[in-house]
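Chemist: As a plain string of letters, each chain reads:
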Amino acid sequence: MLFVTCFLSFIPHVLYYPEIADRMNVVIEMIVMKELNKTFPDNVTAVNNVSLHIAPGEAVALIGANGAGKTTLIKLICGMCKPTSGYLRVFGEDPMKRGKNTPLTGLVSGAVITDSYSFHYGHSSSVLQDDMMLGLNLEMIGNIYRIPKKLVKQRTAEFAEAFGLKELMHYRIAQLSLGQRMKAELAAVLLFSPKLLMLDEPFVGVDATSRLAIGRALNDLVSKGDTTLILTTHSMIEAEQICKRIILLDGGKLAYNGSIDRLKRSRIGLNRLDASFEDTPPDLGDLPVTRYTAENYALSVEYDVSDIPSSDIAGYIIKNSKAKDIMIEKPAVEKIIRELYKEGQNGNDDKC
Amino acid sequence: MKDILSLFFAYARSGLKSRFQYKVDAVVVIFAVFFREAGGIIAMYLALQKFGSINGWSIDELLFLFSLIFITYGIFIVFFMALRDFSDWIKHGDFDRVLLRPRGVLTQLVLCGADWLAAFGHGTLGLVLLIISANRVGVEWNVQTVLYYLMCVIGGVLIQGAVFLTFSSITFYVLETNSLKEIFYWNMRKFAIYPLSIYNKFIQAILIFVVPFAFVNYFPAQFFLQKPDMAAYPAWFMFITPIVGIVLYLAAYAFWRFSLRFYKSTGN
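One line per chain: the protein sequences are E and L, in this order.
For reference, each letter of the first sequence is one residue, going 1 to 352 in my numbering.
For reference, each letter of the second sequence is one residue, going 1001 to 1268 in my numbering.
Bound conformation, chain E alone (with noise of 0.2 Å):
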């Protein structure tokens, strides 16, 4: 009853009072853009009116092809560059607020970016200090984060175990190479568990076992829902196993804002069925296929599943010719992107 009264107390003060909307936000969305534009001095446009929520507890892919503003869309969120117009509130509050009560500090809270990219040009935005042994900087950032000393411990052991590091705690971060440093990192960033974790091309430079580990902790992290990512990455697998949601950014465009399984269903998304025979292959005729080219031995379909089960399919080859081996692929998700991608530019060279 009490909770009622205090809610319907708000409303008159929502109405008139856009700030206090604004607040009130912060208990929906983690993120809100409205019409965010960023140009750098020398005219490139990195961000150009991108519009759009991430809710607290979303796990969403930020894909792009190189120079696509990912980077600049993250440090904006992170309040490290000043967006040219538009209007961004993370947790509810202008990310460039600056201090100790600032959203992306405060004790709920806590962002990170981690770029392996730039570790090369010498500029990182990581989490783990590079003149400090591995283990010193965890227990430091158990004493940053005001985490109990038991719970640091506790924590380290798990993820060194998970992640491999046991060996690598007495190293300095600087003696790290480029996988290990980015195991490192996550391991740091999994200790405090923020509420907003930006993860800026996470899997680069990591071997095959690694990423299977980082990519089963972000998962788990990602299930609990009290952490939002934003995953920027090259690697469609990955952000399929861990995002539902992916946005695109094309020359700094929103290209596509919505779920995965969306852009699979709506775009191009249809299967493919090859198949071989012993003779000529079966005319497929009144099936409702979206296209289909048949060779000598070899017979290869395009279809919409919705519109034929890939069953129906392969049970009449089978039924009407001698098919010697049948292979259905699914539609793959880079596949779209990249003909999204060439969608746009197209449309951008209508424009020219």
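Rather than coming from a laboratory, the hints here were simulated on the basis of the structure.
The reader is advised that the hints may include incorrect statements.
[What the hints assert, rightly or not] BS3-like, lysine-lysine: derived pairs with alpha carbons at most 25 Å apart:
#	chain 1	residue 1	chain 2	residue 2
1	E	34	E	82
2	E	150	L	1017
3	E	253	E	264
4	E	97	L	1264
5	L	1002	E	149
6	E	244	E	335
7	L	1091	E	82
8	L	1091	E	97
9	L	1201	L	1190
10	L	1091	L	1181
11	E	150	L	1002
12	E	330	E	264
13	E	82	L	1181
14	L	1017	E	149
15	E	195	L	1264
16	L	1227	L	1201
17	E	82	E	195
18	E	149	E	166
19	L	1050	E	153
Mind docking chain L on chain E? Use the hints.
Modeler: Just chain L now, kept in the frame of chain E:
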């Protein structure tokens, strides 16, 4: 406050542990700093043997003047090392990390930059000079003078801290401040090695009003030594070092807070 202290000790512990990972290297650094600075003083000591005194200041009195520079600098680099090298922090993106953590920005910079090894080097040298010179020049140590000496040391550290805090704030606008530091800190420090009264009016004005090194060592030293050349300055200059330190530091802090909002991340 207790919270900040515990963070300070945690940083000190992990910083020292990291440095002492290579024990020989760490010890060599301490001695290297000590002998590098001591070498300069020995050279000057030998040169002064010829003159006997500068503007009425004997060699021992000059050493007392020195000791204040080294002691304050030794403490200064424990707390303000990150501000001394602040443009590197910005260039390497380390400052971004500081901004994203749930502690005060300046608190973190002050606590985590400490260069303990160099501090040992400078501090020990300062103490050695103080012990050698204080007896010979006849400083009378009692509760009042010891207390005032300590306050002057704190004031001196704060003055130098304020100077670098100002440089760091300027870094937000121009990114590169090394030449400014060279002119306004390192060169002024070289001037401050000798008694203020030997310089012309222009340099004296700079050392008193612009980069107030005179309050770091000359005026406090006058309090203990009472040399006749103090007649050229208001007598109360001898007593205000702690106040100058606090006021300058607060002013520099206000400027820092104002400038922080102009920071833009570099890179990419």
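Chemist: Are the hints correct? Go through all of them and say.
Modeler: Tested hints:
1. As the CA atoms of residue 34 (chain E) and residue 82 (chain E) are separated by approximately 14 Å, the hinted pair is consistent with the 25 Å bound.
2. In summary, the hint linking residue 150 (chain E) to residue 1017 (chain L) is supported, as the alpha carbons are separated by about 21 Å, within the 25 Å threshold.
3. For the hint pairing residue 253 (chain E) with residue 264 (chain E), the CA-to-CA distance comes to about 20 Å; that is within 25 Å, so the pair holds.
4. Distance check on the hinted pair: residue 97 (chain E) and residue 1264 (chain L) sit about 12 Å apart at the alpha-carbon level, within 25 Å; holds.
5. Between residue 1002 (chain L) and residue 149 (chain E) the alpha-carbon distance is near 17 Å, which keeps this suggested pair within the 25 Å criterion.
6. Between residue 244 (chain E) and residue 335 (chain E) the alpha-carbon distance is near 18 Å, which keeps this suggested pair within the 25 Å criterion.
7. Among the hinted pairs, residue 1091 (chain L) with residue 82 (chain E) is consistent with the structure: their alpha-carbon atoms are about 18 Å apart, no more than 25 Å.
8. Restraint check: the Cα-Cα separation between residue 1091 (chain L) and residue 97 (chain E) comes to about 21 Å, which is no more than 25 Å; the hinted pair holds.
9. Note on residue 1201 (chain L) and residue 1190 (chain L): the hinted pairing holds, with a Cα-Cα distance of about 17 Å set against a maximum of 25 Å.
10. Taken as a hint, the residue 1091 (chain L) and residue 1181 (chain L) pair is honoured in the structure, with Cα atoms around 17 Å apart against an allowance of 25 Å.
11. With a C-alpha separation of about 20 Å, the suggested pair residue 150 (chain E) and residue 1002 (chain L) falls inside the 25 Å cut-off, and the hint holds.
12. For the hint linking residue 330 (chain E) to residue 264 (chain E), the alpha-carbon distance of about 9 Å falls within 25 Å, and the restraint holds.
13. Between residue 82 (chain E) and residue 1181 (chain L) the alpha-carbon distance is near 28 Å, which puts this suggested pair outside the 25 Å criterion.
14. Taken as a hint, the residue 1017 (chain L) and residue 149 (chain E) pair is honoured in the structure, with Cα atoms around 18 Å apart against an allowance of 25 Å.
15. For the hint pairing residue 195 (chain E) with residue 1264 (chain L), the CA-to-CA distance comes to about 23 Å; that is within 25 Å, so the pair holds.
16. Proximity of residue 1227 (chain L) to residue 1201 (chain L) is assessed by CA-CA distance (about 19 Å); at most 25 Å being required, the pair is judged to hold.
17. Annotation: proposed proximity of residue 82 (chain E) to residue 195 (chain E) holds, straight-line Cα distance about 22 Å (limit 25 Å).
18. At most 25 Å may separate the alpha-carbon atoms for a hinted pair to count; residue 149 (chain E) and residue 166 (chain E) meet this at roughly 18 Å.
19. Distance restraint check for residue 1050 (chain L) and residue 153 (chain E): the Cα-Cα separation of roughly 63 Å exceeds the 25 Å cut-off, and the hinted pair is therefore not satisfied.
The structure does not agree with the numbered hints 13, 19 stated previously, though it agrees with the rest.
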